[in-house]
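Given the structure of chain A, go ahead and fit chain B onto it with the hints provided.
Chain order of the listed sequences is A and B.
Residues in the first sequence are numbered from 1 upward in steps of one, following our numbering.
Residues in the second sequence are numbered from 1 upward in steps of one, following our numbering.
I should point out that these hints are in silico values taken from the structure, not numbers from a laboratory.
Any given hint could be a false lead.
[Said to hold, decoys possible] List of simulated lysine-lysine pairs, DSS-like, C-alpha gap at most 27 Å:
id : chain 1 : residue 1 : chain 2 : residue 2
1  : A       : Lys63     : A       : Lys95
2  : A       : Lys123    : B       : Lys70
3  : B       : Lys40     : A       : Lys123
4  : B       : Lys7      : A       : Lys63
5  : B       : Lys119    : B       : Lys91
6  : B       : Lys117    : A       : Lys97
7  : B       : Lys45     : B       : Lys122
8  : B       : Lys79     : A       : Lys123
9  : B       : Lys7      : A       : Lys95
10 : A       : Lys131    : B       : Lys91
11 : B       : Lys92     : A       : Lys123
12 : B       : Lys7      : B       : Lys125
13 : A       : Lys70     : B       : Lys70
14 : B       : Lys92     : B       : Lys45
15 : B       : Lys91     : B       : Lys79
16 : A       : Lys41     : A       : Lys131
17 : A       : Lys63     : B       : Lys117
Remember, predicted model here, so these are calculated numbers, not experimental data.
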Amino acid sequence: MKDLEEIIKELITNVRELEGVIENIKKPVSESSQLLPETAKNIEDVMVFLEQTSHTIMNLLEKINENSNKIQEDVEFLLSLNPVSKVKERLESIKQKNEENINTLLELYTHMSFHDLAGQQLKTVLEVLEKIKGALLDIIVSQVTAGKNLKEEEVSGIKGKVSELLERDRISQEDVDKLLEEFGL
Amino acid sequence: MPPTDIKILVVDDMSTMRRIIRTILNQLGYSNIEEAENGKQALAKLKKEKFDFVVTDWNMPEMDGLSLVKAIRSDQELKHIPVLMVTAEAKKENVMEALKAGVNNYIVKPFTPEVLKEKMEKIFK
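Pulled out of the complex, with its shape left as it was, chain A reads as follows (with noise of 0.2 Å):
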C-alpha cells in the first residue's frame, strides 16, 4: 500500500514537471513560430519596396534626362543660326545650366546604388534571423529530450518537426498541442 502511494505521488510529481516543461516550450514555440517569419516576410517586403521605388524613381530620371538632352539638341541648333549677341548669352546660359543638370542626373542615377547596398545589409539581417531560428530550435529540442533517453533518430524527428512549425507563418494552440503530443508530453 505505501509503495503504491510512492508511485502515485512519483507519478504527480512527474505529471507536473511535464506540464512545466510544456508551458516552457509552448511560449517559445509560439512566439517565435510567429515572430521570426513575420520579421523575415518584412525585411523581404521592404526590399521588393525599395527595388521598384529605386526602379520608378530611375525612369522618372531616365525622362528628365531624355528632355534635357532634348534641350540641348535644340539649344545647338539655335545657335548654330548665329542669333544676335544678347540672344546668344542666354542660349549659351542655357546650354551651360543644361549640361549642369545632365550631369547632376548622372550624380543622382550612380546614388541609387544605395539600394543594392541596403538590400546587401537586409539579406545579412535576415541570415541572422536564419541563425536564431537554429538557435531557438536546438533550445527547445534540448529541452523536450532532456532527461530522457532518445535515440538519435528521435531526437532528429523533434527537431525537424519543431523546424516544421518555425517555417510556418502562424502556429495555433492546436498545432503546439498536437507537436507536444507527438513528444509524449
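For chain B alone, coordinates are given in the frame of chain A:
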C-alpha cells in the same frame, strides 16, 4: 578608352545595379551591353556569345563573382576577357582575393561615372 562598339556583359543580381551600370556605360558611349543575374548565367552567355569585357558584382546567388572570374580564367576560350569587379566588398583582403583570382580591376560601390571611365581606360590601355 576602348572602342565604343565592344560587347560588354554586366553581371549583378540586383536589377537596379545592372541598370545603373548600363546607363553609365551608355553615357560613356557604349551601347552593346548584355546582362546576367549571376555567375552561372554569365558563364553560359560567355560560352555562347563573344564578349569583349565583363563587369561583375561579387555577392550573387548560385555562382558569385569570384567563382565567375576563376571560371573565366581557367577556360582557354575565355581567359583573355578583361574583368572588372564592382562590389560593396571594400576590405583589403577582398581586393587581394579578387586580384589573385584574376580580375583586371576593382571598383567599390557606390561609384561615379568618372571612376568607371578611369578603370576602363586602365584595363584597355
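Hints and how they fare:
1. A/Lys63 to A/Lys95: holds, 18 Å
2. A/Lys123 to B/Lys70: Holds: lysine 123 of chain A and lysine 70 of chain B sit about 25 Å apart, inside 27 Å.
3. B/Lys40 to A/Lys123: Cα-Cα ~20 Å, so holds.
4. B/Lys7 to A/Lys63: Answer holds: lysine 7 of chain B to lysine 63 of chain A is near 26 Å, not above 27 Å.
5. B/Lys119 to B/Lys91: holds, 19 Å
6. B/Lys117 to A/Lys97: holds, 23 Å
7. B/Lys45 to B/Lys122: Holds, at about 25 Å.
8. B/Lys79 to A/Lys123: violated, 32 Å
9. B/Lys7 to A/Lys95: Violated: lysine 7 of chain B and lysine 95 of chain A sit about 32 Å apart, past 27 Å.
10. A/Lys131 to B/Lys91: holds, 24 Å
11. B/Lys92 to A/Lys123: holds, 22 Å
12. B/Lys7 to B/Lys125: At roughly 17 Å apart (the allowed maximum being 27 Å), lysine 125 of chain B and lysine 7 of chain B satisfy the hint.
13. A/Lys70 to B/Lys70: Outside the cut-off at roughly 44 Å; violated.
14. B/Lys92 to B/Lys45: violated, 30 Å
15. B/Lys91 to B/Lys79: holds, 26 Å
16. A/Lys41 to A/Lys131: Within the cut-off at roughly 16 Å; holds.
17. A/Lys63 to B/Lys117: holds, 24 Å
Hint violations for this structure: numbers 8, 9, 13 and 14, all remaining hints satisfied.
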